[in-house]
Amino acid sequence: MKIFNNSFTVSTNKRCDMVDITGKVEKALADSGISDGEVIIYCPHTTAAITINENADPDVVHDILLTLSELVPQNRDGYKHSEGNSDAHVKSSIVGCSETVIITGGQMQLGTWQGIYFCEFDGPRKRTVNVRITGQ
Amino acid sequence: MKIFNNSFTVSTNKRCDMVDITGKVEKALADSGISDGEVIIYCPHTTAAITINENADPDVVHDILLTLSELVPQNRDGYKHSEGNSDAHVKSSIVGCSETVIITGGQMQLGTWQGIYFCEFDGPRKRTVNVRITGQ
Amino acid sequence: MKIFNNSFTVSTNKRCDMVDITGKVEKALADSGISDGEVIIYCPHTTAAITINENADPDVVHDILLTLSELVPQNRDGYKHSEGNSDAHVKSSIVGCSETVIITGGQMQLGTWQGIYFCEFDGPRKRTVNVRITGQ
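The listed protein sequences correspond, in order, to chains A, B and C. The first sequence begins at 1 in the numbering used here and counts up by one. The second sequence begins at 1001 in the numbering used here and counts up by one. The third sequence begins at 2001 in the numbering used here and counts up by one.
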């Protein structure tokens, strides 16, 4: 069994943003030479997340970010954390900091409309994504 | 180390639905012959999800779907996506498109009340679930 | 490839609580002798969850629990489940019952501010967490 590690940076452009990182994960998979296994896409930040959703119509990303911001406003009576980014921490735990995708025949088994997104909730910033590919 | 792949279809009956797929995953596990490892249950759709929750009282499923629909209504001022299913995409990212379960002694280590659910947010449809079992 | 299993208990002190279990997972990792692989932290309960978020300022935990409780109140018109803990089941599916962390050089690759939390949504109770470490 082989293990392959990769990290790359993502530059986000707004306070809340979703950046399609599918191509970067595919590049890591090609570099790994692994054809059958799984890939973990991991976000080491507490005000960001990883999700998988539609990458055909950019309006979907808009609507996801809009809804999350209406559910979890930046300012809320009762927030104690003094950095003004409590909402970003909450969104991180709701969306989750990693995804796992199955690899078969050297390809990620994403659905037809699925792409992998880095979700920024407290940007703009330069962020890191860790990728771990395991398999044979 | 062995790798075993399985896919099955799920027919959903309503726009929002949760279908218990525990038995289908257990069947795949039995077919795999793997006794110690892990199973990834993966949804390749962007308007559906996978979750683990109580499978004893069906009212729990009702209350989960009710709450998600109140938090993420089908129509919201500001949605841009023109297919009328923005809510389904949002719910997919909130619930998440996969779960991983530990296998020991040929059994999934689910808790007493835990079942694995396919969550439909834009049905009714015929859907696919991919299962990857890795171990020995 | 080695597989190492561990379980430990967590005592929660309030109805809704987040307990930092990073040290317990690190202890399991040290006991495993595995230096390169991954760890699955799994909650076998349907009214609790596992998340990764900031462990420096305890106000972050306060704000996460506050927001979840405002989004998913304990009592809601329409809840059918008769145990009075429908909110806890919903929160469990929103936050998710497991996390996976990459291991390199015998260390979990958590970000600088990341800790692993057991999330209690229907306590206080004595709970179990299952840990599975796979690697070499």
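Treat the hints with caution; some may be incorrect.
No farther apart than 20 Å at their CA atoms in a straight line, the calculated lysine to aspartate or glutamate pairs in the EDC-like style are these [stated by the list, open to error]:
| id | chain 1 | residue 1 | chain 2 | residue 2 |
| --- | --- | --- | --- | --- |
| 1 | C | Lys2080 | B | Asp1031 |
| 2 | A | Lys80 | C | Asp2031 |
| 3 | A | Lys2 | B | Glu1070 |
| 4 | A | Lys80 | C | Asp2036 |
| 5 | A | Lys14 | A | Asp77 |
| 6 | C | Lys2126 | C | Asp2020 |
| 7 | C | Lys2002 | B | Glu1083 |
| 8 | A | Lys80 | C | Asp2057 |
| 9 | B | Lys1014 | A | Asp20 |
| 10 | A | Lys80 | C | Asp2020 |
| 11 | C | Lys2080 | B | Asp1036 |
| 12 | B | Lys1080 | A | Glu26 |
| 13 | B | Lys1002 | C | Asp2059 |
| 14 | A | Lys126 | A | Asp57 |
| 15 | B | Lys1126 | B | Glu1070 |
| 16 | B | Lys1080 | A | Asp36 |
| 17 | B | Lys1002 | B | Asp1020 |
| 18 | A | Lys2 | A | Asp20 |
| 19 | C | Lys2080 | B | Glu1083 |
| 20 | B | Lys1126 | B | Asp1020 |
| 21 | B | Lys1080 | A | Asp57 |
| 22 | A | Lys80 | C | Asp2059 |
| 23 | B | Lys1126 | B | Asp1057 |
| 24 | B | Lys1002 | A | Asp36 |
| 25 | A | Lys2 | C | Asp2036 |
| 26 | C | Lys2002 | C | Asp2020 |
| 27 | C | Lys2014 | C | Asp2077 |
| 28 | C | Lys2002 | A | Asp36 |
Please keep in mind that the hints were generated in silico from the structure rather than gathered at the bench. Given the structure is predicted, the values throughout are model-derived calculations rather than measurements.
Hints, one by one, checked against the model:
1. A distance of roughly 37 Å separates the Cα atoms of Lys2080 (chain C) and Asp1031 (chain B); the hinted pair therefore is violated under the 20 Å criterion.
2. A hinted pair counts as satisfied when its Cα atoms are at most 20 Å apart, and Lys80 (chain A) with Asp2031 (chain C) does not qualify at roughly 37 Å.
3. In summary, the hint linking Lys2 (chain A) to Glu1070 (chain B) is not supported, as the alpha carbons are separated by about 45 Å, beyond the 20 Å threshold.
4. Our distance criterion of 20 Å between C-alpha atoms is broken by Lys80 (chain A) and Asp2036 (chain C), whose separation comes to about 38 Å.
5. Taking the CA atoms of Lys14 (chain A) and Asp77 (chain A), the gap is near 24 Å; set against the 20 Å cutoff, the hint is violated.
6. Proposed proximity of Lys2126 (chain C) and Asp2020 (chain C) is supported: the alpha carbons are some 15 Å apart, at most 20 Å.
7. A threshold of 20 Å between alpha carbons decides the hint, and for Lys2002 (chain C) with Glu1083 (chain B) the separation of about 48 Å lies outside it, so the pair is violated.
8. Of the pairs offered as hints, the one joining Lys80 (chain A) and Asp2057 (chain C) holds, with about 10 Å between alpha carbons and a cut-off of 20 Å not exceeded.
9. Under the criterion of a C-alpha separation no larger than 20 Å, the hint pairing Lys1014 (chain B) with Asp20 (chain A) is inconsistent with the structure, at around 31 Å.
10. Restraint check: the Cα-Cα separation between Lys80 (chain A) and Asp2020 (chain C) comes to about 19 Å, which is no more than 20 Å; the hinted pair holds.
11. At most 20 Å may separate the alpha-carbon atoms for a hinted pair to count; Lys2080 (chain C) and Asp1036 (chain B) exceed this at roughly 38 Å.
12. For the suggested pair Lys1080 (chain B) and Glu26 (chain A), the alpha carbons sit about 29 Å apart, so the restraint of at most 20 Å is broken.
13. In summary, the hint linking Lys1002 (chain B) to Asp2059 (chain C) is not supported, as the alpha carbons are separated by about 45 Å, beyond the 20 Å threshold.
14. At most 20 Å may separate the alpha-carbon atoms for a hinted pair to count; Lys126 (chain A) and Asp57 (chain A) exceed this at roughly 25 Å.
15. At roughly 25 Å between alpha-carbon atoms, Lys1126 (chain B) and Glu1070 (chain B) are farther apart than 20 Å, so this suggested pair is violated.
16. About 38 Å separates the Cα atoms of Lys1080 (chain B) and Asp36 (chain A), which puts this hinted pair outside 20 Å; it is violated.
17. Between Lys1002 (chain B) and Asp1020 (chain B) the CA atoms are separated by roughly 27 Å; this puts the pair beyond 20 Å, and the hint is violated.
18. Distance hint between Lys2 (chain A) and Asp20 (chain A) is unfulfilled; the C-alpha atoms sit about 27 Å from each other, more than 20 Å.
19. The straight-line distance between the Cα atoms of Lys2080 (chain C) and Glu1083 (chain B) is roughly 31 Å, outside the 20 Å bound, and the hint therefore fails.
20. Restraint check for Lys1126 (chain B) and Asp1020 (chain B): the C-alpha separation of about 15 Å stays at or below 20 Å, so the hint holds.
21. The straight-line distance between the Cα atoms of Lys1080 (chain B) and Asp57 (chain A) is roughly 10 Å, inside the 20 Å bound, and the hint therefore holds.
22. Of the pairs offered as hints, the one joining Lys80 (chain A) and Asp2059 (chain C) holds, with about 5 Å between alpha carbons and a cut-off of 20 Å not exceeded.
23. For the proposed pair Lys1126 (chain B) and Asp1057 (chain B), the alpha carbon gap of about 25 Å is over 20 Å, so the pair is violated.
24. With a C-alpha separation of about 11 Å, the suggested pair Lys1002 (chain B) and Asp36 (chain A) falls inside the 20 Å cut-off, and the hint holds.
25. Our distance criterion of 20 Å between C-alpha atoms is met by Lys2 (chain A) and Asp2036 (chain C), whose separation comes to about 11 Å.
26. Between Lys2002 (chain C) and Asp2020 (chain C), the direct Cα distance comes to roughly 27 Å. Violation of the 20 Å bound is thereby established for this hinted pair.
27. For the suggested pair Lys2014 (chain C) and Asp2077 (chain C), the alpha carbons sit about 24 Å apart, so the restraint of at most 20 Å is broken.
28. Of the supplied pair hints, the one linking Lys2002 (chain C) and Asp36 (chain A) holds, its CA atoms being roughly 19 Å apart against a limit of 20 Å.
In summary, the numbered hints that this structure violates are 1, 2, 3, 4, 5, 7, 9, 11, 12, 13, 14, 15, 16, 17, 18, 19, 23, 26 and 27.
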